[in-house]
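Visitor: Numbering-wise (this note's numbering), the sequence shown opens with residue 1442 and increments by one.
Quick caveat, the hints were computed from the structure, so don't treat them as lab data. Be aware that one or more of the hints could be misleading.
Pairs of lysine-lysine, BS3-like flavour, derived with a Cα cap of 30 Å [said to hold, decoys possible]:
#1 Lys1678 <-> Lys1665
#2 Lys1678 <-> Lys1629
#3 Lys1711 <-> Lys1683
#4 Lys1665 <-> Lys1524
#5 Lys1683 <-> Lys1665
#6 Lys1524 <-> Lys1678
#7 Lys1762 <-> Lys1745
#8 Lys1548 <-> Lys1678
#9 Lys1541 <-> Lys1629
#10 Lys1524 <-> Lys1745
#11 Lys1665 <-> Lys1541
#12 Lys1665 <-> Lys1629
Now the in silico label distances, taken between C-beta atoms and shown as ranges [to be verified]:
#13 Glu1493 <-> Leu1446: 39 to 49 Å
#14 Leu1446 <-> Ile1712: 50 to 60 Å
#15 Glu1643 <-> Ile1712: 11 to 21 Å
#16 Gly1680 <-> Glu1807: 30 to 40 Å
#17 Gly1680 <-> Pro1800: 29 to 39 Å
#18 Tyr1467 <-> Glu1638: 48 to 58 Å
#19 Val1727 <-> Thr1822: 46 to 56 Å
#20 Gly1688 <-> Phe1829: 16 to 26 Å
Where a beta carbon is used, it is the ideal one built from N, C-alpha and C, also for glycine.
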Amino acid sequence: MSYELFIATRYLKSKRRTGFISLISYLSIAGVAIGVAALIIVLSVMNGFETEVRNRIIGADAHIRLGTHHEEGIVDVESIMDKIRDIDHITGISPYIMDKGLIRIDKRTEGAIVRGVDPATVGDVSDLPQTIIHGGMHLGRTDVTGAENLPGLVLGRMLADRLYATLGDTVILFSPGAAGPFSQPRAKRFHLAGIFETGLYEYDDIFAYIAIPEAQELYRMTDKVTGIEIKLDDLDKAGQVKEIILGILGFPYFPRTWHEMHRNLFNWMKIEKWAGFIILSLIVMVAAFNIISSLIMVVMEKRKEIGILKSMGATSASIRKIFIYEGLAVGVVGTVMGVMLGWGLCMLQISYRFFRLPPDIYFLSELPILMRSSDFIMVITAALVLCFLASVYPAHRAAALVPVEAIRYE
């Protein structure tokens, strides 16, 4: 152990003439610990929410969505599907139609995004069948009961709540008519066969699902679809598979990955995470200012000892190291305590789920936690860097003391 580190350790452990200095040192350690723990907990919660949202989006939507620049949609559907079906990492393919519509039940009307899907293959590209909470994915005429034997329709829970819909209700679905002053919207009657809940507002609040043949008839898209949904066995290969599809099909077809379709949401979550990190770092910065105050007071208290050390041959660099080591020691102790506290609280939440959430608001029954080693490294590095910077000025003040003047007035 170098003598600078030895002296710094003695200074840290020694009793102060002024108890106030020791109090500030303890407050500095506590401040660093609380700040580090808060950063670890908040970043872990943000990771948990991001992962939960990502999993729900991936479950509710396809990994790649293939579209076309032609307004009429994709015509040769089976041919296109055959060309891409055998590409590596593709595990499911399903065509779809998507357009706007109005839904009426009795006298209540709401706008909706209508999606025509193939009931036989939609489960290959999304978890929609598993999200049905009432009824079932019965979209064909033969799958529903009723005097009129109407085709089935499935609504999101929030949309169904606004319409006061119950299973078995007769639903009238309107599609936009052709442009013109005398155009009339087209209408088709359905039977409410199911209600789904993904836990994502943008799906549960506005989506309605019907079978592709009914959508083709309603939107006059005979033998055409809006696009093709694709599911992969590895999300990280989405960009690679997208490029392969582009190479095979070329213009006018264009595939979009799940990340591209939800880029704004994930960018917002990333900004929110970094904003939380910066704001909570202020706690560590306050502790760093306490370190500055504490070390300056120590320098003033130890003027004589510093003068004696310099008169015995200690260099200014050695004096500077002593106080930087002391500041870093406060930072290391506070950081270790903060890491242990943050990790411990996160593990308690994972194991015992103390913090509950109202599922009707957050669609989660508990606070999600996901700890990442990269976040721990980032928090530890930031805390130690701030503590180091806080030690520089007091260390410079101590190194600048003139031995004769330091000893003369003691």
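Visitor: Could you work out which of the previously given hints the structure breaks and list their numbers from low to high?
Guide: Per hint list: 2, 8, 10, 14, 19, 20 violated.
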